[in-house]
Amino acid sequence: MSQADNNKVVFEGEDGNAGYASPALDMIATAFLLALSVLVLVASLRLPVPGNLATAPGLLPFLTAGSLAVMAVLLGISATVRRREGAALWDDEPRDRSEDMHAIVLVVAVAVYIGALQGLAFQYYFNIGTVPMVLSAFEPVTIVALAAIIHIFWRGPLWITALVSIGWTLTLSLVFQKVFNIPLPGGF
Amino acid sequence: MLDIAQQLLSPWLLIMTLSGVCLGIIWGALPGLSTTMAMGLLIGLSAGMSQDASICFMLGVYTGSVFGGAISAVLINIPGTPDAVPTMIEGHQLAQRGEGGQALGMAIAASFVGGTVGIILLVTLIPVILTFALNFKSWEMFWLAVIGILVSGSMAAGTMPLKGWIAGWLGMLVAFVGLETIHAVPRFTFGSFALFDGISYVAVLIGLFGMAEIFRTLPSKDVVAIPDKVGRIVPPLKILAKFTPSAIRSGVLGTFIGAIPGAGANVASFLAYDIGKRRAKPEEKAKWGKGSYEALVCAETANNANIGGSMLPTLALGIPGNAAAAALLAALTLKNVAVGPTIQIDHPGLIYFIYGALFIANVMMYLAAFALIAPCVKLFSLPRGILMPLIIPVCVIGAYAVKLSIFDVWIMFAAGLSGWVLAVFKFPVAPIVLGVILAPLADENLRRSLFVFDDKSWGFIASQWIGTILMLFVLLVVIEGILRAMRAGRATDTAVSTRGV
Numbered sequence: 001m002s003q004a005d006n007n008k009v010v011f012e013g014e015d016g017n018a019g020y021a022s023p024a025l026d027m028i029a030t031a032f033l034l035a036l037s038v039l040v041l042v043a044s045l046r047l048p049v050p051g052n053l054a055t056a057p058g059l060l061p062f063l064t065a066g067s068l069a070v071m072a073v074l075l076g077i078s079a080t081v082r083r084r085e086g087a088a089l090w091d092d093e094p095r096d097r098s099e100d101m102h103a104i105v106l107v108v109a110v111a112v113y114i115g116a117l118q119g120l121a122f123q124y125y126f127n128i129g130t131v132p133m134v135l136s137a138f139e140p141v142t143i144v145a146l147a148a149i150i151h152i153f154w155r156g157p158l159w160i161t162a163l164v165s166i167g168w169t170l171t172l173s174l175v176f177q178k179v180f181n182i183p184l185p186g187g188f
Numbered sequence: 189m190l191d192i193a194q195q196l197l198s199p200w201l202l203i204m205t206l207s208g209v210c211l212g213i214i215w216g217a218l219p220g221l222s223t224t225m226a227m228g229l230l231i232g233l234s235a236g237m238s239q240d241a242s243i244c245f246m247l248g249v250y251t252g253s254v255f256g257g258a259i260s261a262v263l264i265n266i267p268g269t270p271d272a273v274p275t276m277i278e279g280h281q282l283a284q285r286g287e288g289g290q291a292l293g294m295a296i297a298a299s300f301v302g303g304t305v306g307i308i309l310l311v312t313l314i315p316v317i318l319t320f321a322l323n324f325k326s327w328e329m330f331w332l333a334v335i336g337i338l339v340s341g342s343m344a345a346g347t348m349p350l351k352g353w354i355a356g357w358l359g360m361l362v363a364f365v366g367l368e369t370i371h372a373v374p375r376f377t378f379g380s381f382a383l384f385d386g387i388s389y390v391a392v393l394i395g396l397f398g399m400a401e402i403f404r405t406l407p408s409k410d411v412v413a414i415p416d417k418v419g420r421i422v423p424p425l426k427i428l429a430k431f432t433p434s435a436i437r438s439g440v441l442g443t444f445i446g447a448i449p450g451a452g453a454n455v456a457s458f459l460a461y462d463i464g465k466r467r468a469k470p471e472e473k474a475k476w477g478k479g480s481y482e483a484l485v486c487a488e489t490a491n492n493a494n495i496g497g498s499m500l501p502t503l504a505l506g507i508p509g510n511a512a513a514a515a516l517l518a519a520l521t522l523k524n525v526a527v528g529p530t531i532q533i534d535h536p537g538l539i540y541f542i543y544g545a546l547f548i549a550n551v552m553m554y555l556a557a558f559a560l561i562a563p564c565v566k567l568f569s570l571p572r573g574i575l576m577p578l579i580i581p582v583c584v585i586g587a588y589a590v591k592l593s594i595f596d597v598w599i600m601f602a603a604g605l606s607g608w609v610l611a612v613f614k615f616p617v618a619p620i621v622l623g624v625i626l627a628p629l630a631d632e633n634l635r636r637s638l639f640v641f642d643d644k645s646w647g648f649i650a651s652q653w654i655g656t657i658l659m660l661f662v663l664l665v666v667i668e669g670i671l672r673a674m675r676a677g678r679a680t681d682t683a684v685s686t687r688g689v
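Line by line, the protein sequences are chains V and R.
With this note's numbering applied, the first sequence corresponds to residues 1 to 188, in that order.
With this note's numbering applied, the second sequence corresponds to residues 189 to 689, in that order.
In short, the hints are calculated from the structure, not lab data.
Note that the coordinates shown come from a computational prediction; the quantities given were computed from them, not determined experimentally.
Glycine included, every Cβ here is placed at the ideal spot set by N, Cα and C.
One thing to keep in mind: the hints can contain errors.
Unchecked claim - With a straight-line cut-off of 25 Å between C-alpha atoms, the simulated SDA-like cross-links for lysine to any residue are: (1) Lys591/R x Tyr124/V; (2) Lys178/V x Lys591/R; (3) Lys591/R x Gly115/V; (4) Lys478/R x Gly19/V; (5) Lys325/R x Leu63/V; (6) Lys591/R x Leu174/V; (7) Lys591/R x Gly187/V; (8) Lys614/R x Val38/V; (9) Lys325/R x Thr369/R; (10) Lys591/R x Ala121/V; (11) Lys591/R x Val175/V; (12) Lys644/R x Ala54/V; (13) Lys178/V x Gln239/R; (14) Lys591/R x Leu170/V; (15) Lys614/R x His102/V.
What the hints assert, rightly or not - In silico negatives: residues of chain V with every beta carbon more than 12 Å from chain R: (16) Tyr124; (17) Tyr125; (18) Phe126; (19) Asn127; (20) Ile128; (21) Gly129; (22) Thr130; (23) Val131; (24) Pro132; (25) Leu135.
What the hints assert, rightly or not - Sample of chain V residues at the chain R side, in silico, Cβ under 10 Å: (26) Tyr20; (27) Ala29; (28) Pro50; (29) Asn52; (30) Ala54; (31) Val105; (32) Ile114; (33) Phe138; (34) Ala145; (35) Thr161.
Model the full assembly from the supplied sequences, consistent with the hints where possible.
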């Protein structure tokens, strides 16, 4: 059981997660938001108007994209002003490359997991006693994906990794299929 | 009345209520599994029950799942339900300080008070609240939706409300994808049939708050504050008594918001949270966003009071107060119960049975919540390298379960990636969810009201006094946000000049 070391805990509220980024990041965000706004403005103007202009399907998307463009410009101005006042263009703190690599590995692992659920979908019906059961790609794919991800990020004994992966997958499978009557992904 | 009380206190119905409450709490506690989803998916289970048992079970699920969202919000910073976002903002800060148990204890007490206030108002003020709610027409509903998104943006982005509003607007753009409701014109679908149904807000919610949190925290070397001990769960009576006025105010607000069709617990909890901050004493206001018990009480009381409020239009008019109430309506219809103005004639005594069942579910929630926290703490206290991967298949199932669509799982994955990128760019993600949920409401009601106002003068529009008041409130939120950003900018300038940069 991991003990949280209070000296190392980073206290970060919602305010810590949102607010001023470095001027360079805010400028990139401005460029993206402006491009998105223009795209939506054009797309909403191209939408058909079956009835009156007041009920046009593109009305609120147009207004939303227009006001988003204004807010993007304000964000850009704020970043420019901060840069002129002497703020560093990029954050001074260097990013942890190994953390970034781990994050990319995780994203790829989750994408492969979802892709496998979709690509390897199968369904097999059988009975345990008189209880009808369904085995689908969810069980084997989830066991393998979970074991791989836990092994990368925990590095504990392999038998515990395997046990946790198998136990959790079977628990989810039984609870969702038998208690909540919810079919699982990986089947048909 | 005595017959109904005896019936409700029969062991079988008590067991059914308790089962519903426990399932609801556990469901709500699982990240991303919403109250609406719990209600919708458990309708099938209630179909095999008698009418009385079905009502008790479904009301138990409703009450339990609204509270359940607070458990994962406080302990692992992932809201189980959308309305638990303010609880997450405050509760997780408290959990990181080792006060998770007390935060949950306060959340339980606040939920109980909120539920009780909601029921009392449901029973005693039905005519008054109905008159109030019926005054909200399309124009007012549009402004109410805009207020929900703006307030959420304003609250989540701290010193830079602009980023919160941008996030809310991005959420609105996501919600515009799919067939629009008035003319059934496909919008921004780029020829993909999978997008005709729109983008599921549940998938977006799970992605933004579930997957993004996993992408952010699992590779991180920082010690994540998942407590293995949460401390004392029962909150001291002194603290409870201190926040009673805030609880009652938020309860009343939550009930009123719940009575407005379409405005759900998420709007109630964000509004109560916002109003609570404005009315808090300076020393308490300073704690807002950093772990304030009063903020937690405001949010939790409002979202539980919302249950009683949402039952008002559901029972009296047959118009569900929110999506979860719509699921309850469907469950009642399955049992041949026609709710609406004639409910007292068609089903004499049923409305009192529902009041009583709701009250018992609220008491059961209070007791079961204390009992279920310890198992949840055990579950969430696993090492991060084990716990976070375990949430991945739950997120996948949660996104898949709504429409049984693997496309929604990809949407959840994309939302998770977007949430991760947005965190790097220091944008809040909570307003995106409000944008996704409230944009369809805003879109339909704006166009409907403009159609009605087509040949009317500006004077006529201004004479819609509730709409005008709501418009002024929008202006107030924007001005307050701008002033806050300017004050923060001046403070930054002072800090820079002090450092001699």
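Quick rundown of the hints versus the structure:
1. Restraint check: the Cα-Cα separation between Lys591/R and Tyr124/V comes to about 22 Å, which is no more than 25 Å; the hinted pair holds.
2. Between Lys178/V and Lys591/R the CA atoms are separated by roughly 18 Å; this keeps the pair inside 25 Å, and the hint holds.
3. A distance of roughly 18 Å separates the Cα atoms of Lys591/R and Gly115/V; the hinted pair therefore holds under the 25 Å criterion.
4. With a C-alpha separation of about 15 Å, the suggested pairing of Lys478/R with Gly19/V holds against the 25 Å cut-off.
5. The straight-line distance between the Cα atoms of Lys325/R and Leu63/V is roughly 21 Å, inside the 25 Å bound, and the hint therefore holds.
6. Restraint check for Lys591/R and Leu174/V: the C-alpha separation of about 20 Å stays at or below 25 Å, so the hint holds.
7. Under the criterion of a C-alpha separation no larger than 25 Å, the hint pairing Lys591/R with Gly187/V is consistent with the structure, at around 14 Å.
8. A threshold of 25 Å between alpha carbons decides the hint, and for Lys614/R with Val38/V the separation of about 23 Å falls inside it, so the pair holds.
9. Taken as a hint, the Lys325/R and Thr369/R pair is honoured in the structure, with Cα atoms around 17 Å apart against an allowance of 25 Å.
10. The straight-line distance between the Cα atoms of Lys591/R and Ala121/V is roughly 17 Å, inside the 25 Å bound, and the hint therefore holds.
11. In summary, the hint linking Lys591/R to Val175/V is supported, as the alpha carbons are separated by about 19 Å, within the 25 Å threshold.
12. Of the supplied pair hints, the one linking Lys644/R and Ala54/V holds, its CA atoms being roughly 13 Å apart against a limit of 25 Å.
13. Among the hinted pairs, Lys178/V with Gln239/R is consistent with the structure: their alpha-carbon atoms are about 23 Å apart, no more than 25 Å.
14. Only pairs whose Cα atoms come within 25 Å are accepted, and Lys591/R paired with Leu170/V is accepted, the gap being roughly 22 Å.
15. Taken as a hint, the Lys614/R and His102/V pair is honoured in the structure, with Cα atoms around 21 Å apart against an allowance of 25 Å.
16. A cut-off of 12 Å between C-beta atoms confirms that Tyr124/V is not in contact with chain R; the least separation is 18 Å.
17. Here Tyr125/V stays apart from chain R, with its beta-carbon at least about 18 Å from theirs, past the 12 Å limit.
18. The claim that Phe126/V lies off the interface holds: its Cβ sits roughly 21 Å from the closest Cβ of chain R, which is beyond the 12 Å cut-off.
19. With a least CB separation of 22 Å from chain R, Asn127/V remains clear of the 12 Å interface cut-off, as annotated.
20. At the 12 Å boundary, the C-beta of Ile128/V stays outside the reach of chain R, the nearest C-beta of that chain being 22 Å off.
21. No beta-carbon of chain R is positioned within 12 Å of the beta-carbon of Gly129/V; the least distance is around 22 Å.
22. The Cβ of Thr130/V lies farther than 12 Å from every Cβ of chain R, with a closest approach of about 19 Å, so its non-interface assignment holds.
23. Look at Val131/V: its CB is around 17 Å from the nearest CB on chain R, clear of 12 Å, so calling it non-interface holds up.
24. Against the 12 Å criterion, Pro132/V stays outside the reach of chain R, whose nearest CB is about 17 Å from its own CB.
25. With a closest Cβ-Cβ approach of about 16 Å to chain R, Leu135/V is found to remain outside the 12 Å limit, as its non-interface label requires.
26. For Tyr20/V, the shortest C-beta to C-beta distance to chain R is roughly 6 Å, which falls under 10 Å, so the interface hint holds.
27. The interface hint given for Ala29/V is met, as the beta carbon of that residue sits about 5 Å from the closest beta carbon of chain R, less than 10 Å.
28. A hinted interface residue such as Pro50/V counts as satisfied when its beta carbon comes closer than 10 Å to some beta carbon of chain R; here the least separation is about 4 Å, so the hint holds.
29. The interface hint given for Asn52/V holds, since its Cβ lies 6 Å from the closest Cβ of chain R, which is under the 10 Å cut-off.
30. Restraint check, Ala54/V versus chain R: the minimum CB separation of about 4 Å is within 10 Å; hint holds.
31. Look at Val105/V: its Cβ gets to within about 8 Å of chain R, closer than 10 Å, so that hint holds up.
32. Taking 10 Å as the C-beta contact cut-off toward chain R, the hint placing Ile114/V at the interface holds, the least distance being around 5 Å.
33. Hint on Phe138/V holds. Least Cβ distance to chain R is approximately 8 Å, under the 10 Å limit.
34. The restraint placing Ala145/V at the interface with chain R holds, with a minimum CB-CB distance near 8 Å, inside the 10 Å limit.
35. At a threshold of 10 Å, the smallest CB-CB gap from Thr161/V to chain R is about 8 Å, leaving the interface hint in force.
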